[in-house]
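Spelled out, the chains give:
Protein chains: 2
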Amino acid sequence: MTLHPVSSTLIDDLRRLIPADRVSAARADREQHSRDQSAHPAHLPDAVVWVQSTAEVSAVLKYAAARRIPVTAWGAGTSIEGNPIPVQGGIVLNFRQMDKILEIHAHDFQVTVQPGVLYKDMNKILARHGLFFAPDPGANASIGGMLANNAAGIRTVKYGATRDNVLALEAVLADGTVIRTGSRSVKQSAGYDLTHLLVGSEGTLAIITAATLKLAPLPEHFSVATAAFPDVAHAAHAVFELIGAGLEPTALELLDTTAIRVMNTEDGINFPETPHLFMEFNGVNEDALTQTLALAGDICRENEAQQYQSGIGREARSRLWEARHRIFEVHLRYFPGKEYFVSDVSVPISNYPALAAAAEKMLAELEIDGSVLGHAGDGNLHVIGFYHADDAATRDKAFLLNKKLVEMALSLDGTSTGEHGVGLGKRKYMVAEHGASAMAVMRQIKTLFDPHGILNPGKVLNE
Amino acid sequence: MTLHPVSSTLIDDLRRLIPADRVSAARADREQHSRDQSAHPAHLPDAVVWVQSTAEVSAVLKYAAARRIPVTAWGAGTSIEGNPIPVQGGIVLNFRQMDKILEIHAHDFQVTVQPGVLYKDMNKILARHGLFFAPDPGANASIGGMLANNAAGIRTVKYGATRDNVLALEAVLADGTVIRTGSRSVKQSAGYDLTHLLVGSEGTLAIITAATLKLAPLPEHFSVATAAFPDVAHAAHAVFELIGAGLEPTALELLDTTAIRVMNTEDGINFPETPHLFMEFNGVNEDALTQTLALAGDICRENEAQQYQSGIGREARSRLWEARHRIFEVHLRYFPGKEYFVSDVSVPISNYPALAAAAEKMLAELEIDGSVLGHAGDGNLHVIGFYHADDAATRDKAFLLNKKLVEMALSLDGTSTGEHGVGLGKRKYMVAEHGASAMAVMRQIKTLFDPHGILNPGKVLNE
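The listed protein sequences correspond, in order, to chains A and B.
With our numbering as the guide, the letters of the first sequence map in order to residues -8 to 454.
With our numbering as the guide, the letters of the second sequence map in order to residues -8 to 454.
Rather than coming from a laboratory, the hints here were simulated on the basis of the structure.
Hints are not guaranteed to be accurate.
Any copy will do: because identical chains look the same in the list, a pair fits if it lies in one copy or spans two.
What the hints assert, rightly or not - DMTMM-like, lysine to aspartate or glutamate: derived pairs with alpha carbons at most 20 Å apart: (1) 205 <-> 404; (2) 205 <-> 155; (3) 419 <-> 398; (4) 329 <-> 90; (5) 149 <-> 239; (6) 419 <-> 277; (7) 395 <-> 358.
Required output: the full structure, derived from the provided sequences and hints.
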């Protein structure tokens, strides 16, 4: 698929569609939209457009489709697999000015929003209604970005990923046509499920311009617990038993010794430097919560936890989760001047102990600086690994670890990416994960939706 | 799309692919596969094949694709929107001999099965592991049928529909190619979501030959409660408040006076003949359960319930749900010799009181025999209406009611079908529900998957 070189009249053309002050070819603007938070190489777009309406998105796509110009949607730029990097240049559509909360359906536990709204900002407003959107990726991502990557996070163990919490979409097709999918009914059996097809498609099939999301009531009775284990293997085995006991944690996070050490550099955090589980539980009342916490403590101690702390108050809880959410940026500060990779494999919970133990062993054997951590409750494991860009031997070892971890996850009935999406980094594993026949179907779907290949080219599909 | 007339050598051809005793053109076999439990007209297939393996499904599809012969998958024949009626004849693939439980992943709360297994049979086996597959359509449907229609039922209010409980599929494409979708990881962000696209596609895109399902632990502490209301409007308003209070019922069923009267003809059932809610709640322990039941009682009484019974024991609970599950067939006995329709609309819960009250009013005003009932907790409403086939005036009124109910549901942000699927009966509402542009995309997806239109032709899409 060859895309045409961008014409010299691009900016003038776009300014006939969109007010001039929202169309930029300035170097600084292009650089700001050239890379996400991953280590994947930057690539400059030719133009950045700040859209404000579905009609504007449609107008730009109609223009771009006719001229075969790449169009990549941009939310908050917080993804970590290269998902929005405009690797073939063209137009970046920035959605940060399209961030309205269109309607709060409080009685239905639903909200309809534009894609540019940041989820933390949205949740602050929803809290006034006693509600929240549960998928919680840590970074202050945009809802559009979360939809594109099927983002998830520490609350997914209880509430599901973004895909599980979307009821309806408005989206613009590659040729500018606007479609609606799904409905506000929580039950839907009316035809092909376009909603779930578009969620997680990383802006390669259509561009989402509005979404109706499922919300959850803010819990009244909750408590955090932490447990320190002798090694990752014991912690991961406790995870398996906590889930098996049906305790339904609302968060269940694994952090290895290095991750704890990195967190301890943060204000007000001081954990013993051994692998930990951070847990949160809800209860219908304080009694039920106390019983759950006691049972969780028993399970942790049976798995040789030396320390189990529960009944952690609201303030310490906030500090804990904030530190957990900042862990990626804190790692970058802790290992300054280095390149990094972030693995994102996920397996069935019964295979989590094997995966986590292997990850810990690989890091040690390959002598790579980094941490093993993850949303353990749903089988998701991250390794954040660091290396010097100019040290070829270490870099090769880092890439080898990432590759071996994916291969291991696939052999354990898992996936190469639990929540970061395919982006640039996971394309090479798609055939191994899905098989050539399923990938051929995905490629045909891409061609159906985007015959000229203008939507976020170079992503998701294998080359 | 023109399908070729079936060749006179069809049976001989099929018997070269499949052992002869599993290929039939006998009139009785063809009649058994000519209609489901709906009132949609029967249509005879040309041949019935009892498949036993994915390879056999693939072989038949390869043969049929080359000759443009329709192929329709058949589970238990319990659907009620005409979904598996072979309206263009051809081959029916009966899956009842492909009913193995391939693997129980008890520690992962998952099971991998062939599509022919009946869900009640499967759940009996899973109960030995303390687990169950929660979507519960009432009829003893096959898992394949449930996947095809995205079936749901009384447990969906808590556990979701079939689509929400599927992790991975094996399916055969129209040309015989076998694909795998998804994985056993509960978190998945790796490419386009083919799993959810195939679920609910009613066998028109591919034929599912294996599925990995999410299971739930059987609850230890549960109790049923019933409440009698002066009218449907009050009952429906109580539903809205029960959901809004976050009580998380595991079942919340509405039955109008006629439905109760019909149920009362069953052994051991004797309710006051007014509209009722049947509820079930889980609790982490008996205390929590008692509190929940008390709160539910308060809400019912505030909505003028004259009678609220809770603490119903295990045996009475079984009798109640069995009677609820048999309600469709009991209705057919109660109104003998009549034709019937079953509406299946669904709306956001805040609009449920308006929808339910309107349905009750329409039945009375149009003087149609029938009941208003539904899986109220998730906004799903059924009207079972009866008429004499040879009484044109009554029949027209029945069809009018069904049409007006769909239009009302759509105007209330809902859907024409919450759980029965599009089949034959809802095709005419697809453009009104999704818009012409989204329907055009669905049609292109159909063409992509099934270029010759051999898979269950005449279903799902508008004409």
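Structure-based check of each hint:
no. : hint        : in the structure
1   : 205 <-> 404 : between (29 Å within a copy, 14 Å between copies)
2   : 205 <-> 155 : both (8 Å within a copy, 14 Å between copies)
3   : 419 <-> 398 : within (11 Å within a copy, 48 Å between copies)
4   : 329 <-> 90  : neither (35 Å within a copy, 55 Å between copies)
5   : 149 <-> 239 : both (6 Å within a copy, 14 Å between copies)
6   : 419 <-> 277 : neither (49 Å within a copy, 52 Å between copies)
7   : 395 <-> 358 : within (15 Å within a copy, 69 Å between copies)
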